[in-house]
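Model the full structure from these sequences, guided by the hints.
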Amino acid sequence: MSPQTQEIGRTREQMAQRLAQDIPNGSYVNLGIGIPELVARFVPEGRTLIYHTENGLLGMGPSPEEGKGDPELINAGKRYVTANPGAAYFHHADSFSMIRGGHIDLCVLGAMQVAQNGDLANWSTGEPGAIPAVGGAMDLVAGVKSVYVITQHCTKEGEPKLVESCTYPLTGLGVINRVYTDLAVIDITREGFKLVELSPGIDFDYVQQRTGAPLLPSS
Amino acid sequence: MSPQTQEIGRTREQMAQRLAQDIPNGSYVNLGIGIPELVARFVPEGRTLIYHTENGLLGMGPSPEEGKGDPELINAGKRYVTANPGAAYFHHADSFSMIRGGHIDLCVLGAMQVAQNGDLANWSTGEPGAIPAVGGAMDLVAGVKSVYVITQHCTKEGEPKLVESCTYPLTGLGVINRVYTDLAVIDITREGFKLVELSPGIDFDYVQQRTGAPLLPSS
Amino acid sequence: MINKQVSTPAEAVADVFDGATVMVGGFGEAGSPIELIHALIDQGARRLTVVSNNCGSGEVGLAALLKAERVAKVICSFPRTANSTVFPDLYRSGKIELELTPQGTLAERIRAGGAGIPAFFTPAAVGTPLAEGKETREFDGKTYVMERGLKADFALIKGRTADLHGNVVYNKTARNFGPIMAMAAKVAVVQAESVVEPGEIDPEVVVSPGIFVNRVVEVAHPAHESELVAAGVCYP
Amino acid sequence: MINKQVSTPAEAVADVFDGATVMVGGFGEAGSPIELIHALIDQGARRLTVVSNNCGSGEVGLAALLKAERVAKVICSFPRTANSTVFPDLYRSGKIELELTPQGTLAERIRAGGAGIPAFFTPAAVGTPLAEGKETREFDGKTYVMERGLKADFALIKGRTADLHGNVVYNKTARNFGPIMAMAAKVAVVQAESVVEPGEIDPEVVVSPGIFVNRVVEVAHPAHESELVAAGVCYP
Chain L
61 MSPQTQEIGR TREQMAQRLA QDIPNGSYVN LGIGIPELVA RFVPEGRTLI
111 YHTENGLLGM GPSPEEGKGD PELINAGKRY VTANPGAAYF HHADSFSMIR
161 GGHIDLCVLG AMQVAQNGDL ANWSTGEPGA IPAVGGAMDL VAGVKSVYVI
211 TQHCTKEGEP KLVESCTYPL TGLGVINRVY TDLAVIDITR EGFKLVELSP
261 GIDFDYVQQR TGAPLLPSS
Chain V
61 MSPQTQEIGR TREQMAQRLA QDIPNGSYVN LGIGIPELVA RFVPEGRTLI
111 YHTENGLLGM GPSPEEGKGD PELINAGKRY VTANPGAAYF HHADSFSMIR
161 GGHIDLCVLG AMQVAQNGDL ANWSTGEPGA IPAVGGAMDL VAGVKSVYVI
211 TQHCTKEGEP KLVESCTYPL TGLGVINRVY TDLAVIDITR EGFKLVELSP
261 GIDFDYVQQR TGAPLLPSS
Chain S
381 MINKQVSTPA EAVADVFDGA TVMVGGFGEA GSPIELIHAL IDQGARRLTV
431 VSNNCGSGEV GLAALLKAER VAKVICSFPR TANSTVFPDL YRSGKIELEL
481 TPQGTLAERI RAGGAGIPAF FTPAAVGTPL AEGKETREFD GKTYVMERGL
531 KADFALIKGR TADLHGNVVY NKTARNFGPI MAMAAKVAVV QAESVVEPGE
581 IDPEVVVSPG IFVNRVVEVA HPAHESELVA AGVCYP
Chain E
381 MINKQVSTPA EAVADVFDGA TVMVGGFGEA GSPIELIHAL IDQGARRLTV
431 VSNNCGSGEV GLAALLKAER VAKVICSFPR TANSTVFPDL YRSGKIELEL
481 TPQGTLAERI RAGGAGIPAF FTPAAVGTPL AEGKETREFD GKTYVMERGL
531 KADFALIKGR TADLHGNVVY NKTARNFGPI MAMAAKVAVV QAESVVEPGE
581 IDPEVVVSPG IFVNRVVEVA HPAHESELVA AGVCYP
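Chains as they are written, first to last, in our numbering: chain L, 61 to 279; chain V, 61 to 279; chain S, 381 to 616; chain E, 381 to 616.
To be clear, the hints were calculated from the coordinates, so they are not data collected in a lab.
Hints may contain errors.
Listed next, with one range per pair, are the computed distances between beta-carbon atoms [as the list claims (entries may be wrong)]:
{"id": "1", "chain 1": "S", "residue 1": "Val585", "chain 2": "L", "residue 2": "Pro104", "range": "29 to 35 Å"}
{"id": "2", "chain 1": "L", "residue 1": "Pro104", "chain 2": "E", "residue 2": "Ala462", "range": "29 to 35 Å"}
{"id": "3", "chain 1": "E", "residue 1": "Ala390", "chain 2": "V", "residue 2": "Pro122", "range": "36 to 42 Å"}
Just so you know, even glycine gets a beta-carbon here, dropped at the ideal spot from N, CA and C.
What follows is the structure, given as structure tokens:
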């Protein structure tokens, strides 16, 4: 099995675009750093999403023009952002009340591993030399109503990221609802991984071979 | 022993005036309903106190002129008040964070009974027909740095309010630091009630006779 | 396009169901959402659990809802009021249940419910009848009582200005329980003196961010409880 | 007359003692009180425990305090930064202790410390290495971990405007940890771009009421961490 390439399956942008289709109008959404951030670019016409960034802003807008950034208006990735009309600033305890209290509809995160029972590992390789850093990931997965992962189906080394059980340190137990990869959209169900949809040009066996646990066909 | 009258010892106003002498400049103060409210009238020249009212205002000012009251600017006694320069409004959870978190320097309350160990009873007679209502009293005594009671030394029936142990339902355990009455100023110490100062024209025995537990002389 | 505005108080409370838990903002009359409460009386829902600091005065607003016998239970810190006999009569005749909670504990329980905190420890009420039957525990040599977070199906709240996204600012001490009740309720309904476009409220001064607020309704000239009581009004 | 203003950052941090717990506001560079931190470096206090979401970048501000080996322990959610080697080097060489805490738990622990709540339950980190050794408990069928409130001897905070009573408003996402750290510290020190008379800040928009703030100092043109780092500044 050779490492996957961008020539097969969806690109990062296409993954983000695919996920964006599934977010209803008016949703309160928190997008993680990396591929998740791309989702905001692909929200279908006519829908308004309200973006939460855990450092204290609801109604986050796009990045400002080059050179127009305000060091006191940043997102959780510490990048310059803007505030849309209808925005609100608040302190960190209030911000995480929104998260922990179940007020945010959807969180989109990257992943190192997702297990068939919905466990997520995305904050640490557990290597002895690594500098541990967790940020808001554990709060987000524990509190947000729906948690979607967007990720390459396999690591750069070709190892499955969708696994029977996580080997990396966990971020949360049974917290993931759905995974969007370059190869497929997959739900986490009581029975385990269940195919929602294959990416164009990809067949079921190709995905199953690259998935570390049984994949149920779509019903 | 005949019921006490206002002709002997301090009047309500004199009690409030006496207590006001003991509050340092810059203190954050919460005054209970009734006699405690009178304290604000007698703060010595040159001192500024900042009044907290638990319904969500710091920097409470005096009552407005008759007919100028705003139904949305009231104190915990539900009376019209004003806001001084430097005031701030906040919600109830923040307001009781100030109380519970030990940020308020002094609270002045009325009492039904104060025990020699500092227990306070001031919210309920415990009678079967009574409608129970507690408000913020239990939070105040549990959280504020110093809690003073201002009260008549005895009930209208001549019964001591300073007692060996409270017979009414408690508001808090060991929470009172000092009591200002018409007859005396009395500290609660580890050894029990200890006289700080007699009211003009009152002698020690007169106070001891009207106190339900031993009174230590001032040192 | 997001628009949380509804046309009338009646529409704003149309789906309150029998047996619902309803938080009602206000401390005394300040912040009491009288028009929403009156709409709820008209709507007819029964066997409600009401979470509110007080129980109203006279026979308007919250007192009128109680008088109409729509409320099975109140969770409250101070149900007594100088000029109301409604709660005392119901309580003495056993027609209403009371869960008496210290005011700060009530506020913190509501805030905890909204913040996803199922339980916390507080020093208030330790050693008193209001801690009876509750778990206590020592931390650093001091005793605390464990209290549970409170959630609700609905919250009825009075604001000053709201925008179409549900951002709200309040008026003076009428703010009181509004912001935390909005957090703790599945459906938070805010009546405001004016409803404006998103962007008209400075994001630095928003008190209740729109994520906590589900419906806003404009009540340009809200009644004040004391004025209605003084005028002898009884609702309905 | 109440006046909490002090003249200089040096005066504002003069009494920070060896071994003190110091909360430092800011998320990334937004809200980082650089001038107060630099004054603390000059002041010389050692063996500090620092509570902060991050550990700074480059060799200015918080990273410079760490580099000067004044900090024995950090309580932090995200000590790694793209352009700083200070924390990683100290951590790998065993010169600094790290108590890693999820960001929301960190915020809630600080808020609890300020609100007189010694402990609370949160669902975050259940089943992960960060809950190891901590008490867990079920409420309504879901598992939570008990976390303790956090207090500090000092808090260093950056605001936009403060008044002489200590009321503070912040600037955009620089608000972050400021309001809750002010609550949790015995001595909360705020540097603000302007210090004004009481009454100049509308009581409706105050974010940190003065009761939480002990000292304010005017720093009219505060430095931004990213600009200092880009300019190659190393403090001192």
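Okay, the hints, checked on the actual structure:
no.	hint	verdict
1	S:Val585 <-> L:Pro104: 29 to 35 Å	holds, 33 Å
2	L:Pro104 <-> E:Ala462: 29 to 35 Å	holds, 33 Å
3	E:Ala390 <-> V:Pro122: 36 to 42 Å	holds, 40 Å
Taken one by one, the earlier hints all hold for this structure without exception.
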